[in-house]
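Engineer: Sequence:
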Amino acid sequence: MLFTVDNNSAYCYTGGKTFHPAQPTAVFIHGAQNDHSVWALQTRYFAHHGWNVLAVDLPGHGRSQGEAKTSVEALAHWLLAVLDAAGVEQAMLAGHSMGSLIALEAAFQAPQRVSHLALLGSTYPMKVSPALLETARNDEQAAIDMVNIWSHSSIAQKPSFPGPGFYAMGGARRLKQRISAINPQQVFYTDFYACNAYANGELAAAAVRCPTLFIFGARDMMTPPKSTKLLTSTIAHGKLVMVDSGHELMAEQPDAVLDALFSFATS
Numbered sequence: 002m003l004f005t006v007d008n009n010s011a012y013c014y015t016g017g018k019t020f021h022p023a024q025p026t027a028v029f030i031h032g033a034q035n036d037h038s039v040w041a042l043q044t045r046y047f048a049h050h051g052w053n054v055l056a057v058d059l060p061g062h063g064r065s066q067g068e069a070k071t072s073v074e075a076l077a078h079w080l081l082a083v084l085d086a087a088g089v090e091q092a093m094l095a096g097h098s099m100g101s102l103i104a105l106e107a108a109f110q111a112p113q114r115v116s117h118l119a120l121l122g123s124t125y126p127m128k129v130s131p132a133l134l135e136t137a138r139n140d141e142q143a144a145i146d147m148v149n150i151w152s153h154s155s156i157a158q159k160p161s162f163p164g165p166g167f168y169a170m171g172g173a174r175r176l177k178q179r180i181s182a183i184n185p186q187q188v189f190y191t192d193f194y195a196c197n198a199y200a201n202g203e204l205a206a207a208a209v210r211c212p213t214l215f216i217f218g219a220r221d222m223m224t225p226p227k228s229t230k231l232l233t234s235t236i237a238h239g240k241l242v243m244v245d246s247g248h249e250l251m252a253e254q255p256d257a258v259l260d261a262l263f264s265f266a267t268s
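Going letter by letter, the sequence shown gives residues 2 to 268 in the working numbering.
These are computed hints drawn from the structure, not numbers from a lab.
Ideal Cβ placement from N, Cα and C applies to all residues, glycine included.
Be a bit skeptical, because a hint or two may be false.
Lysine to any residue pairs mimicking SDA-like chemistry, simulated, CA-CA at most 25 Å apart [to be verified]: (1) K128 <-> S234; (2) K240 <-> A41; (3) K240 <-> Q110; (4) K240 <-> G51; (5) K230 <-> F109.
Label pairs and their in silico Cβ distance ranges [claimed, not checked]: (6) E203 <-> T5: 28 to 38 Å; (7) S155 <-> A23: 38 to 48 Å; (8) T5 <-> P112: 21 to 31 Å; (9) A182 <-> W151: 20 to 30 Å; (10) S155 <-> D85: 41 to 51 Å; (11) G51 <-> Q142: 40 to 50 Å; (12) A219 <-> G172: 17 to 27 Å; (13) S130 <-> H50: 33 to 43 Å; (14) A82 <-> S116: 14 to 24 Å; (15) S38 <-> K240: 19 to 29 Å.
Taking the hints into account, I'd like the entire structure generated from these sequences.
Structural biologist: Take a look at the structure:
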C-alpha cells in the first residue's frame with residue numbers, strides 16, 4: 002500500500018492481503034539500511050491469520066520517498082502519520098534494532114495509539130562506535146561488510162543455516178547494497194547517527210504501560226543481551242524471549258521469532 006506522508010509516498014507491505022480496518026493491525030519497523038522485506042516470513046503469517054499488516058519502508062529506504070530522517074523522534078512522528086493516513090487508531094508496534102527505538106518513541110509520543118509493543122534486537126542507549134560511524138560516512142560498502150559480519154552468528158553460515166536454500170548473510174548484504182543503490186545519500190550513516198544520538202529512551206521506557214515483549218538474540222554482537230538491562234529493568238512488566246541467533250534474528254530464527262510475536266499479539 003502507498004500512503005502520502007509529508008508530501009511523499011510512504012510504502013507499507015501488507016503481507017499479500019487486503020487491508021481491512023475492522024481487523025487488528027500490526028506494524029513492523031525495520032532497522033538501519035533495511036526495508037520491509039526483513040519481516041517477510043513473520044508478516045505473511047500475521048496477514049493470513051486475521052491481522053492487518055503494515056510493514057513500513059522508512060523514508061529514504063525501499064519504496065518510500067523522501068530523505069532519510071536524522072532523528073528517532075522524527076521517524077516516530079512519521080510512523081504515527083502513517084497510521085493516520087491508514088486510518089488506524091491503535092496498533093501493535095514491532096521494531097527491530099533502530100526500528101525498536103522508533104517503536105518505543107512512538108509509544109511515548111502517542112501511548113493511546115499502541116496496544117502492544119515488541120522490541121527485537123533492542124538496547125538503550127544504542128551507541129554506535131566512532132569507527133563505524135566514520136566508516137559509514139566515508140566507505141559505505143566497508144561499513145556494510147562490517148555490520149553484516151557482526152550481525153550474524155555462526156549458524157547463519159552455509160550449510161548450517163536452518164532455512165534450506167536461503168543464505169542469510171548474502172541476502173542481508175545484498176539488501177543493504179540495494180538501499181545504497183537506490184538512495185546514495187548516506188542512508189547508513191544517517192541511520193546510525195539517529196540511533197547514536199537518541200537520548201529519550203529511558204524516559205520513553207519509563208512511560209510504557211502497554212504489554213511489552215523483548216526478543217533478543219543470545220549471540221547478538223550488535224546489541225548484546227548484557228547491554229539491555231536498562232530497558233528490561235525500566236519496562237519491568239515486559240516479557241523476555243531469548244532465541245539462539247545473532248542480531249538478524251528474524252532471518253536466523255524465523256519460526257521462534259514468529260511464535261513469540263504471534264503468541265504475544267494474540268494473548
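Engineer: None of the hints should be skipped; say for each whether it holds.
Structural biologist: Verification of the supplied hints:
no., hint, in the structure
1, K128 <-> S234, "holds (19 Å)"
2, K240 <-> A41, "holds (24 Å)"
3, K240 <-> Q110, "holds (22 Å)"
4, K240 <-> G51, "holds (23 Å)"
5, K230 <-> F109, "holds (19 Å)"
6, E203 <-> T5: 28 to 38 Å, "holds (34 Å)"
7, S155 <-> A23: 38 to 48 Å, "holds (45 Å)"
8, T5 <-> P112: 21 to 31 Å, "holds (26 Å)"
9, A182 <-> W151: 20 to 30 Å, "holds (22 Å)"
10, S155 <-> D85: 41 to 51 Å, "holds (43 Å)"
11, G51 <-> Q142: 40 to 50 Å, "holds (42 Å)"
12, A219 <-> G172: 17 to 27 Å, "holds (21 Å)"
13, S130 <-> H50: 33 to 43 Å, "holds (40 Å)"
14, A82 <-> S116: 14 to 24 Å, "holds (18 Å)"
15, S38 <-> K240: 19 to 29 Å, "holds (27 Å)"
No hint from the list above goes unmet by this structure.
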